Amino acid sequence: MPNISRDEVAHLAKLARLAVTEEELDVFAGQLDQILDSVAKVSEVAGENVPPTSHAVPLTNVFREDAVRQGLTQQQALAGAPASEEGRFRVPRILGEEQ
Amino acid sequence: MTELIKLTAAELAGKIQAREVSAVEVAQAHLDRIAEVDDHIHAFLHVDTEGALDAARAVDADVAAGKAPKSPLAGVPLALKDVLTTKGIPTTVGSKTLENWIPPYDATVTRKLREAGVVVLGKTNMDEFAMGSSTENSAFGPTHNPWDHARIPGGSGGGSSASIAAFEAAIAIGTDTGGSIRQPGAVTGTVGVKPTYGGVSRYGLVAFSSSLDQAGPCARTVLDAALLHEVIAGYDPMDSTSIDAPVPPVVAAARQGLTGDLKGVRVGVVKEFAGDGYQPGVLRSFEAAVEQLRALGAEVVEVSCPNFTYALPAYYLIAPSECSSNLARFDAMRYGLRVSDDGAHSAEEVMSLTREKGFGPEVKRRIMLGTYALSSGYYDAYYGSAQKVRTLITRDFEAAYEKVDVLVSPTTPTTAFKIGERVDDPMAMYLADLCTIPSNLAGNAAMSVPSGLSHEDGLPVGLQIMAPAMADERLYRVGAAYEVARDAANGGSLVHQAPELGKA
Numbered sequence: 001m002p003n004i005s006r007d008e009v010a011h012l013a014k015l016a017r018l019a020v021t022e023e024e025l026d027v028f029a030g031q032l033d034q035i036l037d038s039v040a041k042v043s044e045v046a047g048e049n050v051p052p053t054s055h056a057v058p059l060t061n062v063f064r065e066d067a068v069r070q071g072l073t074q075q076q077a078l079a080g081a082p083a084s085e086e087g088r089f090r091v092p093r094i095l096g097e098e099q
Numbered sequence: 001m002t003e004l005i006k007l008t009a010a011e012l013a014g015k016i017q018a019r020e021v022s023a024v025e026v027a028q029a030h031l032d033r034i035a036e037v038d039d040h041i042h043a044f045l046h047v048d049t050e051g052a053l054d055a056a057r058a059v060d061a062d063v064a065a066g067k068a069p070k071s072p073l074a075g076v077p078l079a080l081k082d083v084l085t086t087k088g089i090p091t092t093v094g095s096k097t098l099e100n101w102i103p104p105y106d107a108t109v110t111r112k113l114r115e116a117g118v119v120v121l122g123k124t125n126m127d128e129f130a131m132g133s134s135t136e137n138s139a140f141g142p143t144h145n146p147w148d149h150a151r152i153p154g155g156s157g158g159g160s161s162a163s164i165a166a167f168e169a170a171i172a173i174g175t176d177t178g179g180s181i182r183q184p185g186a187v188t189g190t191v192g193v194k195p196t197y198g199g200v201s202r203y204g205l206v207a208f209s210s211s212l213d214q215a216g217p218c219a220r221t222v223l224d225a226a227l228l229h230e231v232i233a234g235y236d237p238m239d240s241t242s243i244d245a246p247v248p249p250v251v252a253a254a255r256q257g258l259t260g261d262l263k264g265v266r267v268g269v270v271k272e273f274a275g276d277g278y279q280p281g282v283l284r285s286f287e288a289a290v291e292q293l294r295a296l297g298a299e300v301v302e303v304s305c306p307n308f309t310y311a312l313p314a315y316y317l318i319a320p321s322e323c324s325s326n327l328a329r330f331d332a333m334r335y336g337l338r339v340s341d342d343g344a345h346s347a348e349e350v351m352s353l354t355r356e357k358g359f360g361p362e363v364k365r366r367i368m369l370g371t372y373a374l375s376s377g378y379y380d381a382y383y384g385s386a387q388k389v390r391t392l393i394t395r396d397f398e399a400a401y402e403k404v405d406v407l408v409s410p411t412t413p414t415t416a417f418k419i420g421e422r423v424d425d426p427m428a429m430y431l432a433d434l435c436t437i438p439s440n441l442a443g444n445a446a447m448s449v450p451s452g453l454s455h456e457d458g459l460p461v462g463l464q465i466m467a468p469a470m471a472d473e474r475l476y477r478v479g480a481a482y483e484v485a486r487d488a489a490n491g492g493s494l495v496h497q498a499p500e501l502g503k504a
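So the sequence lines, in the order shown, correspond to chains A and B.
Taken in order, the first sequence gives residues 1 to 99; the numbers are from this note's numbering.
Taken in order, the second sequence gives residues 1 to 504; the numbers are from this note's numbering.
Because the hints were derived from the structure by calculation, they are not lab data.
Owing to the predicted nature of the structure, the values given are computational and were not obtained by experimental measurement.
Heads up, some of the hints might be wrong.
Footprint (simulated), chain B over chain A, 3 or more residues, beta carbon under 8 angstroms [to be verified]:
(1) 6-13
(2) 32-46
(3) 49-62
(4) 69-78
(5) 81-88
In silico BS3-like cross-links for lysine-lysine, where the CA-CA straight-line distance does not exceed 27 angstroms [as the list claims (entries may be wrong)]:
(6) B/LYS357 - A/LYS14
(7) B/LYS96 - B/LYS357
(8) A/LYS41 - B/LYS357
(9) A/LYS14 - B/LYS364
(10) B/LYS112 - B/LYS15
For glycine and all other residues, C-beta sits at the position ideal for the given N, C-alpha and C.
Isolated chain B, as found in the complex (with noise of 0.2 angstroms):
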């Protein structure tokens, strides 16, 4: 095995602008990487071996010519969630339905990754249509969790959080809906971040609930994460709920954080976030983050966010009530499956024929259960409640505001579970996202960063710091703090303690 795969995005960036290393064998190195582990793993759809190589070439191209790099990623192996389109490259959301489907555009993610000069290696695997908290929900089979094949690598981004866990992509990008950046995040021993709603265009980003879907990135660093995170960030007309203002300063915060130092940073610990259900190991492990974080002279206070017990129910009715509608787009005509298209059977035959075919499980009982609540007689009860506790959550979090500057949570209550343990199970499942829901809700700025390994089973634990919207970077500066303290304390980062995965 190449060392290649081991450094991270920064410093891979800055050995192909020394010329120390070319974009060609960095790439070249990760593909080598996937075709070694990634039978064992299943982090990958689809891999876009000639794609990769172009990139690369282009990137060594302006290195050779003297060029400025395209951005600090400019040669850096990336993979791409299956659920933002790439023009020409498959684009499947995990789906039977859109198994074949070539999109004809790319995502402006995709475009701005492509514009930055950044290698897309291929596309990872994910829940259908990016619900679920394990991968499972896949329809091309699971992805397995580096640290223990046996074990999920959270979700919807499992194949994301895998491939970077597994060095197979130095950085990947994910989409957050309800946590399926963070919680895959927290169990794969790596970090992730969800921008605040509208900080990155949802252009090309196959929806499933609108209005708390965001894209955002995937790394082994708070700083690798907060450089990609300034490439896919800012203002886009093509979505109209992007906001048009600067993108946070993100990268500068990940290195003032880097210094280590935060004196007068005021961290409040959520108090709904504790106690039962939550697994010793996850709970330990993030009070001993507290106490670091205090160590690097942080001001903590335990705030009290009494509505974010009711964030999980809200969400099961807001994110299936919009899923209903999203994925009414489905309907065998234009593009997709389509199924018993025999002369013998209705169009509208032939659509509830293919929904019936192309959809999973999981996405059948969300699309129900959001037409239920959104049927007149239950729309009040349930939908229009659920908006409701909406608005509590939000005034929860400025309340918390006006007294910290961040708040921070355990991740997810529990280690990566086994898989097959919660399938038959929704509401076990549905467990995973407590923690996160919040942000994604109240459209505020999350970030999850390994906290070290659960004693009870040595798996990774994530912390979770959530900041105001559009106060993004402040994420960054005390993930960066809080990483470089852990990390000198314990021997170096915590995904290079993963086991060694063998040869395929």
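Bound conformation, chain A alone (with noise of 0.2 angstroms):
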């Protein structure tokens, strides 16, 4: 049985915003079941006493005097806009029609 089926592939191409075709579905489905297969063995070492490493660097909160400085002017921010209008982001629309 494979680790991932065809339908599975397409939830995880919904969740990530990702419009795939049908023919995208079946090799990735296949692509992601070999990787799976590969990359599952590390369960083999990761006993339930190591501890997770997220960073290699120790991480602390890192903090800066709250003082104003220059950032990104208006008209730069928006310079790669797909799209704007009145000197602001223009968005599609957010609801679909049945909403």
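Using the supplied hints, reconstruct the complex from the two chains, each of which is provided in its own coordinate frame.
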């Protein structure tokens, strides 16, 4: 039995906001299954008493003075926008037809 | 062809300061070289001719005014990987998603290069979002290895490695998440260094896997890499994982290494990185390199790091997990690509359609793999276990460094493979990073230095040297000593044996 089904891949694509095609689903399902087969071996050595490491460098909160400093201008912030209007980001409607 | 392009960065900087040549002449020689050969190599995605010449003029003005150079690399032409932001100059990350993006700010690495008087020639090709080992995942077509155009230049920083191997730039910047500086260095006969994680600021480095990404130097000599390392490294308050400590003395260490004496240095050969899957020519070159280190006075022992064999699977869970989160920012709303914004589609549909169109197959695979590994029900078995493996690998390193000063292995199991050979087999592609990944997971420093040509195909092989976190200088001492001995025994630097490139 595979690690991951075609339906599960379709679900993942939906979660990840990727409008994948039917052909892609066929290819990705096989490839992700093969990759999961290879990476699953991590559980062989991951004993209960081994602490996890999220970062090589121990992380602590980093603070700075609460001082005003130069940020991007409105024009700079909007310069890369796919669409803008009246000095704001213009976005597509957020509700679907049925809502 | 002018011989200026064959000089090292240190030599070029010296000649510019001595007024033997102007920085503009040096920049122009490299721009001419790019115009001559880059149609064949495709190392560059963008060449900033005017910006480069302006920077060179500023260096010449300083020289004429008798001012001290801004750095030991003032006037040296550099190729910048297209993953670091450049104000006013495109930064695509090899992706359709950012094809037309012009960043409004410089990355800290970019800023430091400019302040050092380094001449940035342009932006180099890379696997999309730095995901890959061949540059074939670039949305803008692959880069070709200067040693054999039918072969890959490594990845993800194949544009950077190819640019220096093709003498289009004297030095380059790469980024290394799982080997993307070192493996391209190995397969092109050049030097590549991944500094200690936190040693070089990630501010303005388009994120792939934030706990692993690290920018570093690419060069044709160990000394040049050290000079560049000192220019770009150092604490940066804009990166919360930046290490607030002095930059390791890498230039001094490289100069010490050049004296060719490694007496008292303890070198550990990683037992696990040999055997099946390793090309015989790579192993033979590696064994000769180890003999050379011994001849230089190093004390060589075999060291076992049993958990290193779990590094690759752990990496291919951790990196995709972090990428699935990081790449969520590409939502088609504030910058980057947007498609199907026709009034009929909702924001969510536009987002999904844009990401489908903007991301290539490898990026999609990793986003989905990461989404899976982080899902409830699978988290403990996959992502959680991978984080535990990370602890075990760090412990293996710690145990090893109690016995030795540096560890060595081949940089990658094979020489440059053919373009197209592994594109349909992700796992085969991933194996290229087998030996480089442990240093990313543990966050320590590692270098690839050319160790000669493989006997069966005549292609470059790399020796990997690994050192503890913030002991980057050890790489440079050992690397420089090895380089000078290898070059002396082989009649010169390996990269100069690459075939002459024809005119475009």
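Now the hints, each set against the structure:
Counting residues of the stretch 6-13 of chain A whose CB lies closer than 8 angstroms to any CB of chain B gives 4, so the stated coverage by that chain holds, three being the minimum. Residues of the stretch 32-46 of chain A lying with their CB closer than 8 angstroms to a CB of chain B number 13, which satisfies the three-residue condition for coverage. Residues of the stretch 49-62 of chain A with a Cβ under 8 angstroms from some Cβ of chain B number 10, which satisfies the need for three, so the listed coverage holds. Three residues within the 8 angstroms Cβ limit are the bar, and the stretch 69-78 of chain A against chain B gives 3, so the coverage statement holds.
For the stretch 81-88 of chain A, the proposed coverage by chain B is satisfied: 3 residues have a C-beta within less than 8 angstroms of a C-beta in that chain, meeting the threshold of three. A C-alpha spacing of about 15 angstroms is found between B/LYS357 and A/LYS14, which places the hinted pair at or below 27 angstroms, so the restraint holds. Restraint check for B/LYS96 and B/LYS357: satisfied, since their Cα atoms lie roughly 8 angstroms apart, inside the 27 angstroms limit. For a cut-off of 27 angstroms, the pair hint linking A/LYS41 to B/LYS357 is broken: about 33 angstroms separates their Cα positions.
Taking the CA atoms of A/LYS14 and B/LYS364, the gap is near 12 angstroms; set against the 27 angstroms cutoff, the hint holds. Taking the CA atoms of B/LYS112 and B/LYS15, the gap is about 22 angstroms. The hint holds against a cut of 27 angstroms.
Hint compliance for this structure: hint 8 alone is broken.
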